[in-house]
Amino acid sequence: MHPGLKDGNMSTLKLSFKVNGKLTSLAVAPNALLVDVLREDLGLTGTKAGCREGECGACTVLLDGEPVNSCLLPAMKAAGREVTTIEGLVQEDGTLHALQQSFTDQGASQCGFCTPAMILNAKALLDKAPHPDEGQIRQALSGVLCRCTGYRKIVQAVQNIAQGK
Amino acid sequence: MFDKTDDKKEAKVLTKEKIDLQRLAREGQAALTVAGTSVRRVDDPLKVTGKLKYGADYPAEGFLHGKILRSPHPHARIKSINIKKAQELEGVAAVLLAKDVPGRNGFGAIIPDQPVICGDKVRFVGDGVALVAAESEKIAHQALSLIEVEYEPLPAVFDPREAMAEGAPKIHEKGNLLSYDKLIKGDVAAGFAQAEVIIERTYQVPFLEHAYIEPDMVMAIPQPDGTMLVEGPMQAPFTTRRNVAPVLGLPINKVRCRQIHMGGGFGGKEDSPIDIGCRAAVLAWHTKRPVRLALEREEITLQTAKRHPMIMEVKIGAKKDGTLTAFQGVIYDEQGAYASLGPRIPPAGGSHVHSMVMMAGPYEIPNVKVDAYLAYTNHPYGGAMRGFGAPQVHIAHEQVLDELATELGLSPLEIRRKNAFKLGSTTATGQVLNQSVGLRDTLEACAKAFEWDRRYKQTGYLDAQRSKRRGVGIGMGWYRTSIGTGFDGCGANVYVHEDGSVLLYSGITEMGQGAFTVLPQICAEELGVRLEDVRLVTPDTDLVPESGPTVGSRSTTLMGNAIIMAARQVKESLLETASMMLMVPVERLESKDRKIFDRDHPEKSLAFREAAARCMATGKRLIGQGWWTPPPASLDGHTGQGNPYFVYTYSTHMAQVVVDVETGEVDIEKYVAAFDVGKAINPRALEGQIEGGVGMGLGYALMEEVVITDGLIQNTSLQNYLIPTTLDVPDIQPVILEVKNEFGPYGAKGIGEMPNIPATPAILNAITNACGGRVRSLPADPEAVFWAIREAGGPPKE
Amino acid sequence: MAHAFEKLHWSRELEFGQYLTPGSLDDALQMLADGKGQARVIAGGTDVIPELRRRHLKASILVDITRLPELRGITQEGEDIVLGGLVTHAQAPASALIRERAGLLAQGCAAVGSPQIRNLGTLAGNLISGQPAADASIPLLALDARVTIASLEGEREVPLKEFFLDVGKTVLDSTREVLTRIRFRALGPDQGGCYLRLSKRKALCLPMLVCAVQVTADPQAKVIKEAAIALGPVAPVPFREVRTEESLRGAAASRQVIAQAAENASAWCSPRDSLLRGSCDYRQEMVKVFVRRGLTKALEQAGCTLD
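The listed protein sequences derive, respectively, from chains A, B and C.
According to the working numbering, the stretch in the first sequence is residues 1 to 165, in order.
According to the working numbering, the stretch in the second sequence is residues 1001 to 1798, in order.
According to the working numbering, the stretch in the third sequence is residues 2001 to 2307, in order.
Bear in mind the hints are in silico, worked out from the structure with no lab data behind them.
This list has only true hints and no planted wrong ones.
Result set (EDC-like, lysine to aspartate or glutamate): computed pairs, CA atoms no more than 16 Å apart in a straight line: (1) B/K1053 to A/E87; (2) C/K2202 to B/E1669; (3) C/K2288 to B/E1662; (4) C/K2202 to B/E1665; (5) C/K2007 to B/D1710; (6) B/K1138 to C/E2006; (7) B/K1604 to B/E1587; (8) B/K1051 to A/E40; (9) B/K1797 to B/D1463; (10) B/K1051 to A/E92; (11) B/K1051 to A/E87; (12) C/K2202 to B/D1667; (13) B/K1084 to B/E1150; (14) B/K1085 to B/E1150; (15) B/K1053 to A/E40; (16) B/K1138 to C/E2013; (17) C/K2161 to C/D2144; (18) B/K1138 to C/E2015; (19) B/K1670 to A/E134.
Make the full structure from the sequences, and use the hints.
Set out below in structure tokens:
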């Protein structure tokens, strides 16, 4: 039998990864999903669970800089990698990330449940393409559902950064 | 083209209202400093950083996990239930049946006709037949699977007309017709006799899901003194309390409901917290432990209220010049298994009556008759959803008006110009609109911003292959502020402290609409302090005065007034004290921006906090309580005549779409929505309401539909219950007009629901204008549009 | 009329007990073999995780192959393009080679789910899910792709035409095999491709119809040399409209011929009635439109503009 296989019930696995720049190590159940590890074990509740099947996008985090649905991600997939959540965008002195400030200025948040995911998707876009047009912005945000805003102010908040406003 | 005399008549009315508009604008700029400005939302810093805690963000340690066993039958008698295996599962704390409900085994926003736990029979797929609490969510789920229920299936009925027919399976003891309401104005027979053109159409709309992104959850926490604390996202903590108390057999004062910030509600979280709140409370009562009951996305769709589906038969008559002479409507409104917010609360409450009142649209029609039937079926149930019975009937009257206009050879704009409400118009209920009627202003402002005349002329094919055709459409609408019941009161407390800081106590909940910003804005404005000086105490039935539910576009207006009243009580103390300190008569004093000063000699001033400190030191009242009730609602039970709601918000939307006439796909290119809101307290937040409401209305038009087969919802997840994405919603251009509401704070009226309502018919009308086909049974998804084009004999030739 | 427990009750807890992360393909295959049918491959997880949550899929061991270096990369081997088994729906359209020499595949991948899902989900997974209208599978089928499947017994190469068996079922057994490579011929200058999709909304949406077309033409003679037309869902598996393809071999590249081909394709395929994604009648009509549009665009790309 392969050494990785164990008899009996679940034994925990050790997950070591970088979360918001900090090396983090903890024991997780083999069937744990990243969204639950972040929210329940690490207290990073800015990452939301809205549908648990990758449709609403509220659970979006950045995995090595790329947006992914943390509800679809077995936690062990994050081993050795870097995860960024909304909590990781605020600077240590409390200064908001430009996108967070822009969302506030623009009134892009209503109920706020999708806001962290929207901001993270926007960040991933701007990190790659600093000056996207409206179409690119809408495309980049198309994996996060918002039922409140009609998306206009969210798109504008990202546009303002893209246009250096 | 336009009739000259008519043009003038319109111009006259417009001018009068435009003068009002200007005066208001001047007053607003001169007088207001906090209200009327686009301040940033108070809760934004928490939202953009992920720090704001929603219900699910509170740790679950120490909680039992509640789950509900749901009926697999749409209609069945429960013959026996065996819970032994479930009880024996390790980690299970309680398995409860109907007999275990300590008090009343029923809940409901209007009638408590829904069992907390079904005892004798089940009425829809999803009805709760047993409750489980266990140490983990997994164990609770497993326990459900171990409960054995023996059912005797009963014949089920899934159509409101069939449910009303003789011999239909009886869903509730009193019969399936839950409510029959009628409205009679003038004489429709005579009206149709005068008409030169009459058309009749039937429109149909499906169940809709709110699809708020935050899933429902609730925590019931027994308190040492026997009080039950119920916490969670909830739009109506007082309604929840009013249900949990009798279910537990407790007096109202022994149940405490506390709102946790909501991730969207849209009317849905008026009902669902009652449902899961009662159930979690019963589990907590039995186990004497805190219970957490969270629904997975699919369970929300299965279990909670929806927007009512309707079949609407409409007949409309007009003179050749477009003057409407008569309107007749029949509404078959499907309630589903339980009453929820459907039936009438006298005089004009409940979604069904609201549909009836609104059905003829915001148009002057001398003769109107509406028969409205609300019937139980074995489907999930209809409740409140952004517009409360109004979106459905707007889909009927806005489409039939366009169909009539086509028949008459008039443009959609002309027929609306001719018939739209103006100041002094009489509604279908005989209500004379004697103030704040900006409907025509919205029509003209929208037409201007949209460039209607140019776009209307430029409709046609985009390509040589004639596969894509452009069209434009209008949707007009009106919506009440308030709920038309006898108990529409709203209370607020304002406490000023000796350092000038303020606590505002309000029971209006925050679900994203911005109440926690707008209400403090009004408080700060009235007291003369800055927004940051006011801290809002969030809704907690133990702390804040009864405010009614956060529904019906009532919050800003009703609570705003209550806040102003409360603030004025305190201000009286402050100004009297300041008057003595400054030796200036009270009438000359003004309080603005933390300063109290002599209006005639502004240099004579003192700090707000100095006056507050003096009040405190001298025992003056620094606590105010406001209670505001709208002018009384009336609606005759036999004729549907009366003044059901005291003021209305008005709106016109215009959409430009491109239809792929070969596939039926629709693309929205341009969208303008104009509103008469009375007064915008926070224009940016108001724009947000508009943009979001339009997005939701677009979903209703193009893609949303709860699909049910044999009573079971087929699209319970967000994978197949589709709501619009960033790529579906166009760049919406909002236009805000302010025709002062005499009864509103600074002239404001409600806006929460209005934007959602005309959006759907505006898009449907534009689709028809583009492709020639009309979808009369929603949604207008590609297939529906495709067949509509076929039915119309193919796409337009040019 | 009693509906199933699983359709009415949901749990967030996934029912698997072991999560293994092999470092090499051999390790992975050994783990699968040791699992004796209880282990299952997981790559992006965008299908596996929701299916486990819905209890449609049962597995007690998941073998995560995303760390296997031998399954990465997009390369060109002669005129062939080779995709590693871990290439995601985001990586494929990001590759200039794919965009320029297999544009229909780039478009198909870009239509999958959302940006986040595309960052996770692999093309191999799209194939293995065996869904009749999968957005990457349909263009790959039109491209005559072949896949390499590895097991402890060795490797085998299977043309996609023989890969799909039924809805959700392929020749690959995920409890003991791994899809390691996807190979197809890059489009040449006399070739063109097109991918078309019909859905109820513009993102995050399963399609009502997907159509991918590949043509080889003689632009001078205005003749269609070869045509490949893949469609879904018009059958239980991703479908090649072979009869129409044969009728087009050597046919004139004219609007009339294409219109006839579209009519034929529509008549020959039988999509099922779906409550959520369109009736049979409608989808047959759409096959007509899509085959016509697809052939027209593909021919244009091959240098053959129709009059």
